[in-house]
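S.K.: Below, each chain spelled out in residue letters.
Protein chains: 2
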Amino acid sequence: MRAVVFDSGLRSVTNHPEPEPAAGEAIVRVLVAGICKTDLEITKGYMGFRGVPGHEFVGVVERVEGAGGQALVGRRVVGEINCGCGRCGFCVRGLKGHCPGRTVLGIHGRDGAMADYLSLPTGNLLEVPEGVPDEEAVFTEPLAAAFEVLEQVHVRPTERVLVMGDGKLGILAALALNLTGASVTLLGKHERKLAIARAQGVGAVLLRDLKKSRDYDVVVEATGSAGGLEAAVQLVKPRGTVVLKTTVEESKVVDLTPLVVDEVTVVGSRCGPFAPALKAISERGVDVRPLVTGVFGFDRADEAFRLAVEKGSMKVLLDFRG
Amino acid sequence: MRAVVFDSGLRSVTNHPEPEPAAGEAIVRVLVAGICKTDLEITKGYMGFRGVPGHEFVGVVERVEGAGGQALVGRRVVGEINCGCGRCGFCVRGLKGHCPGRTVLGIHGRDGAMADYLSLPTGNLLEVPEGVPDEEAVFTEPLAAAFEVLEQVHVRPTERVLVMGDGKLGILAALALNLTGASVTLLGKHERKLAIARAQGVGAVLLRDLKKSRDYDVVVEATGSAGGLEAAVQLVKPRGTVVLKTTVEESKVVDLTPLVVDEVTVVGSRCGPFAPALKAISERGVDVRPLVTGVFGFDRADEAFRLAVEKGSMKVLLDFRG
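Which chain is which? The protein sequence lines are D and R, in order. So this note's numbering is basically just the index in the first sequence, starting at one, shifted up by 57. So this note's numbering is basically just the index in the second sequence, starting at one, shifted up by 57.
This is chain D alone, in the form it adopts within the complex (with noise of 0.2 angstroms):
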């Protein structure tokens, strides 16, 4: 099949085997996958990964493993990213993220969406209502990362949230947390990826115009930069919360006392629920659209990758349907 692989570096190959699953797990033939900043990280050696990249990805399933599940045959899906044991306290609470034993398609130990067969477990898919375009379900997976900060905080309609950062996970947060009715502020350094936000009722800032106190309930910090944590503890107030998205390999001088004297609390928040996030888009709650600079066929995946390092570019998608 084709799949774009990452071994030393990027190759873009038609003769990758296809994936054979394990009983439970489905075979879905992709449509549509996207390129995520993980993916980026991923070229750099994150997680030292070897295979087929891609975590993003809306398919139609083409077969089942097993005799459960066939209902699913034919269906037009997305697909949560861990696949847990089963059998674990993880698992066994719902939280197959936790997993130890975990599996992370396109990132850890099961190759991903960047080829025309990836392979899941049933559990892990999530049907997509007709009618909702490939190119907006696609974003289902990062906008469930959005959705994990509901999911772990409860941001009050009264309260007031900054999230830090006008990458996609920044603009995505602040959109999802937006339809809280919290008064939710987009803190950014570029003009052009905020407007997207203010075009949907979030407040957008740019970093040299913020007035800088500790004025806000919650604070997301998706800045992608080290630093984040201590710019977003000293924009906290007293008692509130931040909300840790970045992953970098870099470490960070960091001076804890704030955190400690004004009792802030600090939440590490990753992958999230799927479901939410595929109402939010299937609604348009989240308009994703703005958010696409690209959609490349696979001919053309070197030239996708090429964008998607690009330092204004939004969301670069690989198109497997032709």
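Treat the hints with care, as some may be off.
[Said to hold, decoys possible] Derived CB-CB ranges, DEER-like: (1) D:G151 to R:G351: 50 to 58 angstroms; (2) D:E360 to R:V149: 32 to 40 angstroms; (3) D:C145 to R:V149: 55 to 63 angstroms; (4) D:R144 to R:E367: 46 to 54 angstroms; (5) D:K368 to R:E307: 33 to 41 angstroms.
[Unchecked claim] Below, in silico cross-link-like pairs of lysine-lysine (DSSO-like), each with a Cα-Cα straight-line distance of 30 angstroms or less: (6) R:K309 to D:K101; (7) D:K246 to D:K101; (8) D:K309 to R:K336; (9) D:K309 to R:K94; (10) R:K309 to D:K309; (11) D:K101 to R:K94; (12) R:K309 to D:K246; (13) D:K269 to R:K309.
Just so you know, the hints here were simulated from the structure itself, not pulled from any lab data. Using N, Cα and C, we set each Cβ at its ideal position, and we do this for glycine too.
Please arrange chain R on chain D, whose structure you already have, making use of the hints.
M.R.: Only chain R this time, still in chain D's reference frame:
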């Protein structure tokens, strides 16, 4: 009056002016004051404080300024150290410890307890039940800081808790958390200090004997070292909670990625509720007596401070009763 004063250095004087209470404040005649690690930090410049240090005390109310609170006169009391404006959002929510205009007894903007008299708002005072010795009642403030963990974090009786650090705060936190029924382990470097907690039913483990696995639902970081957070994150379960108690001048390089990937929550924690602490002391749910290293009269305050900085010391008390 007699007072320990910190300006350029630490001195004992006998002619320090008595505090002048504002309306609604009480003058308290100090019986016993405790020396806290924060007091030692203050003598190194922490908070830039100048004046009478000391925020752990038990005393007798001499008089109250204004009409209210006269019933307190003659009562033996302990007192919360944060004095708020009474009008801001934090004060209205009962969080005077976070009032931006607060003074803090012996730490910020208000002379402290190492003197014959101190002043505090009557609302900060809590009567000590008869029969509780002064040398135990004086532990209410530090034990309250331990109870703050339970005020902020739901510790379930079925959970495993690790307290890192066998200093006074670590031991008190382990003893307070042990009341919940949770399985509590105190981690430290000093067999003699660990034994104090072990004698009251806490599991206690020397650092060199610790099995390094991520087994704990809650980790309380009370090491007093800037590196404590990173060590704590390596011992807490994914989705678990780290309570940060350490305040140090020093900053530290921290790798925050494990926090995000494992969705750990970090809760900064400082001063706490007096009532449950005093209750635990008076009912001997927590027995603080083994933590007393020495009791010194005012004329031996120098000696008391010298002992307090020694490595093996626990709580050193200043006795103003003589």
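S.K.: Let me make sure I understand: some of the numbered hints might not hold for this structure. Which ones are they, in numerical order?
M.R.: 2, 3, 8 and 11
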